Amino acid sequence: MNPKTKFADWVAYKVEPKNLNGLNKQRVWREDPKLKPEYSFSPKDYEGGNKACGYDRGHQAPLANFSNNQHADQTNYLSNITPQMSKLNRGAWKRLEDKERLLAKKNKGEVYVFTGTYYTGKPMCQLPKARLQHTVPNGYWKIIILKNGKNVSHANFKFQQEETDNDYCNHSTTIEEINRLTNIKFPINNLTSSNSLLEKLGCN
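Under the working numbering, the residues of the sequence shown are numbered 1 to 204, in order.
Treat the hints as calculated values from the structure; they're not laboratory data.
Just to be clear, a hint being listed does not mean it is correct.
As the list claims (entries may be wrong) - List time: in silico BS3-like cross-link candidates among lysine-lysine, alpha-carbon distance up to 25 Å: (1) K122 x K25; (2) K94 x K106; (3) K94 x K51; (4) K18 x K129; (5) K106 x K147; (6) K14 x K25; (7) K34 x K44; (8) K51 x K108; (9) K94 x K105; (10) K129 x K44; (11) K14 x K129; (12) K14 x K106; (13) K25 x K4; (14) K150 x K108; (15) K14 x K105; (16) K200 x K150; (17) K150 x K51; (18) K25 x K94; (19) K14 x K158; (20) K122 x K87; (21) K18 x K122.
Quantities reported herein were computed from a predicted structural model and do not represent experimental measurements.
Sequences are here, hints too, so could you generate the full structure?
In structure tokens:
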């Protein structure tokens, strides 16, 4: 959790078929019990965010990826949530999440995902009822990794908050660009996305 922005800089998770297609899809927003109140949003902090700013409560680790896991409700902790523009959350971002689940179902390898926020300094609409000083992300990134034995491939994406293009394939980027935006150095040698993995994700 970033103490300045009040949102997670990144999260990581494994996409496993056994955790998918369950019935545990209720969105009951909760404060993260492991965080002190001065670092944790409450459900009331997000009230009015959609009307005033057009925000959804956007999951970083998707609830649907753990809907058949007994701990699925932890994805609704507000430490896993950011104010994400509805058009992005319900558009290209959701479509890419759908594809990462499909990738895990159809391939024998292991699927890992890193995802997070980035900031450019451009002011964003603030949550009108938030009690904490915060900085809303200007955008998001995602790295999808497919590990099959010793073979490892990855696909990288970057989205602006105000993105209206529903085709996630148009937002392929490099590890170098994600490093630049986040100051997080990922230990991945090949900087560009794997064409074969992009194809598996539906990008021709």
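Taking the hints in turn, this is what the structure says about them:
At roughly 34 Å between alpha-carbon atoms, K122 and K25 are farther apart than 25 Å, so this suggested pair is violated. For the proposed pair K94 and K106, the alpha carbon gap of about 19 Å is at most 25 Å, so the pair holds. Proposed proximity of K94 and K51 is supported: the alpha carbons are some 21 Å apart, at most 25 Å. Only pairs whose Cα atoms come within 25 Å are accepted, and K18 paired with K129 is rejected, the gap being roughly 38 Å.
Restraint check for K106 and K147: the C-alpha separation of about 13 Å stays at or below 25 Å, so the hint holds. Using a Cα cut-off of 25 Å, the hinted pair K14 and K25 holds, with the two alpha carbons roughly 18 Å apart. With a C-alpha separation of about 19 Å, the suggested pairing of K34 with K44 holds against the 25 Å cut-off. A hinted pair counts as satisfied when its Cα atoms are at most 25 Å apart, and K51 with K108 does not qualify at roughly 43 Å.
In summary, the hint linking K94 to K105 is supported, as the alpha carbons are separated by about 17 Å, within the 25 Å threshold. Distance restraint check for K129 and K44: the Cα-Cα separation of roughly 7 Å lies within the 25 Å cut-off, and the hinted pair is therefore satisfied. Between K14 and K129, the direct Cα distance comes to roughly 34 Å. Violation of the 25 Å bound is thereby established for this hinted pair. In summary, the hint linking K14 to K106 is supported, as the alpha carbons are separated by about 15 Å, within the 25 Å threshold.
Under the criterion of a C-alpha separation no larger than 25 Å, the hint pairing K25 with K4 is inconsistent with the structure, at around 31 Å. Among the hinted pairs, K150 with K108 is consistent with the structure: their alpha-carbon atoms are about 13 Å apart, no more than 25 Å. Taking the CA atoms of K14 and K105, the gap is about 12 Å. The hint holds against a cut of 25 Å. With a CA separation close to 18 Å, the supplied pair K200 and K150 stays within the 25 Å bound.
Our distance criterion of 25 Å between C-alpha atoms is broken by K150 and K51, whose separation comes to about 48 Å. Under the criterion of a C-alpha separation no larger than 25 Å, the hint pairing K25 with K94 is consistent with the structure, at around 15 Å. Between K14 and K158 the alpha-carbon distance is near 20 Å, which keeps this suggested pair within the 25 Å criterion. For the suggested pair K122 and K87, the alpha carbons sit about 19 Å apart, so the restraint of at most 25 Å is met.
The straight-line distance between the Cα atoms of K18 and K122 is roughly 41 Å, outside the 25 Å bound, and the hint therefore fails.
Checked against the numbered hints above, the structure breaks hints 1, 4, 8, 11, 13, 17 and 21 and satisfies the rest.
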